[in-house]
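Respectively, the protein sequence lines represent chains U and R.
Using the working numbering, you'd call the opening residue of the first sequence number 1 and step up by one each time.
Using the working numbering, you'd call the opening residue of the second sequence number 1 and step up by one each time.
You may find that some hints are simply not true.
[Said to hold, decoys possible] The calculated lysine-lysine pairs, modelled on DSBU-like cross-linking and capped at a C-alpha distance of 30 Å, are:
1. K14(R) <-> K55(R)
2. K14(R) <-> K1(U)
3. K55(R) <-> K102(U)
4. K42(U) <-> K1(U)
5. K42(U) <-> K55(R)
6. K102(U) <-> K41(R)
7. K42(U) <-> K64(R)
[As the list claims (entries may be wrong)] One side only, chain U facing chain R, incomplete, derived with CB under 10 Å:
8. G41
9. T45
10. S59
11. A107
12. G108
13. T114
14. P115
It is worth saying that the hints were derived from the structure and are not from the lab.
Glycine is no exception: its CB is placed at the ideal position from the N, C-alpha and C atoms.
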Amino acid sequence: KQEVTQIPAALSVPEGENLVLNCSFTDSAIYNLQWFRQDPGKGLTSLLLIQSSQREQTSGRLNASLDKSSGRSTLYIAASQPGDSATYLCAVRPVWPDSWGKLQFGAGTQVVVTP
Amino acid sequence: GAVVSQHPSWVICKSGTSVKIECRSLDFQATTMFWYRQFPKQSLMLMATSNEGSKATYEQGVEKDKFLINHASLTLSTLTVTSAHPEDSSFYICSAVMYSYEQYFGPGTRLTVT
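Just chain R, with the same shape it has in the complex:
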């Protein structure tokens, strides 16, 4: 149990376009999901906290207009990178919280912006 999926696992897009990444909790309902980004050889940095049915809370320094988060249901949260630029290239990982408050992580999405 407690499986979290992400789609796509890898995406390449051109500079200026938008990309949507999905995070799903497959076998449990998640009232809260977290979005992280990870640069090569670095650790995970929390970007935002996503609560079902409400606006996401962004960490300091994260542009909310650039990284749009929608948590429309208890099993799905989406991250849309708008007007992507090469510096947005990174590894994006989501996690979902079950009732025990333990976070379960997705497999990640590799974004490359050319």
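This is chain U alone, in the form it adopts within the complex:
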């Protein structure tokens, strides 16, 4: 059974510092991995999606890497801002046909960026 772990569970940094969020998964047979942002009491916002054949994806200040063989992904957020404060979730999707379409989520990392 796939298990997704996110470390650390919480992180507080001063504004301007770079953020490094980690996600690990036990079964490397994944179709893709996705990073989400969730603000308190809100739904999920997709940040980056990495296909299993890719090593990284970038969007603005965000960069996500994927090492499928070692079961790890890292989300980097450069030059953090108070608006980056949120909970960040990673989720993996297994390969077809196992659990088609079902995402397995980590518990999330709660980030606070102080001004």
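Got chain U sorted already, so can you dock chain R onto it with the hints?
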């Protein structure tokens, strides 16, 4: 594009009553929708997979008679919490799958049972 809405965004009901939550894909047709629940400070747990025109598939441990799911059209799925109890209080989130198989999430519904 790829917008998913939920209604209501917040609902309070009394113990023993039933509550219906709607999930709509606004600008695309979704053959599959997923329902999740999220307790405070915890991650999302998949409850069920809803396919248009067929019965929902429930995850282990989820009571199908308590959480009724209807996917009557390609743009609408509903979750009905029957005979709600305080322990059913949670944040319910749906997602809809477009042709690319990527899931698009709704904004969630906060259910409080008193």
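Q) Given the proposed pairing of K42(U) with K64(R), does the C-alpha separation stay at or below 30 Å? A) At roughly 26 Å apart (the allowed maximum being 30 Å), K64(R) and K42(U) satisfy the hint.
Q. Are the Cα positions of K42(U) and K55(R) separated by 30 Å at most?
A. holds (28 Å)
Q | Interface hint outcome for A107(U) [beta carbon to chain R under 10 Å] | A | Hint holds; A107(U) Cβ to chain R Cβ min 5 Å, cut 10 Å.
Q | Hint validity - T45(U) Cβ closer than 10 Å to any chain R Cβ | A | holds (8 Å)
Q: Mind checking the alpha carbons of K102(U) and K41(R) for me, to see if they're no more than 30 Å apart?
A: Distance ~21 Å between K102(U) and K41(R) Cα, so the pair holds.
Q | G41(U) as an interface hint toward chain R, with CB separation required under 10 Å | A | holds (7 Å)
Q | When the least beta-carbon distance from S59(U) to chain R is tested against 10 Å, hint result | A | violated (15 Å)
Q | Hinted pair K55(R) and K102(U), Cα distance within 30 Å | A | holds (17 Å)
Q.
Given the hinted pair K14(R) and K55(R), is their Cα-Cα distance within 30 Å?
A. holds (28 Å)
Q.
Just to be careful, I want the Cα atoms of K14(R) and K1(U) compared with a cutoff of 30 Å; is the pair within it?
A. Not satisfied, since the Cα-Cα distance of roughly 37 Å exceeds 30 Å.
Q. Hey, does the G108(U) contact hint survive, CB to chain R under 10 Å?
A. holds (6 Å)
Q: Under 10 Å, Cβ to Cβ, is where T114(U) needs to be relative to chain R, so tell me if that hint holds or is violated.
A: violated (20 Å)
The structure fails hints 2, 10, 13 and 14 (numbered hints given earlier, in ascending order).
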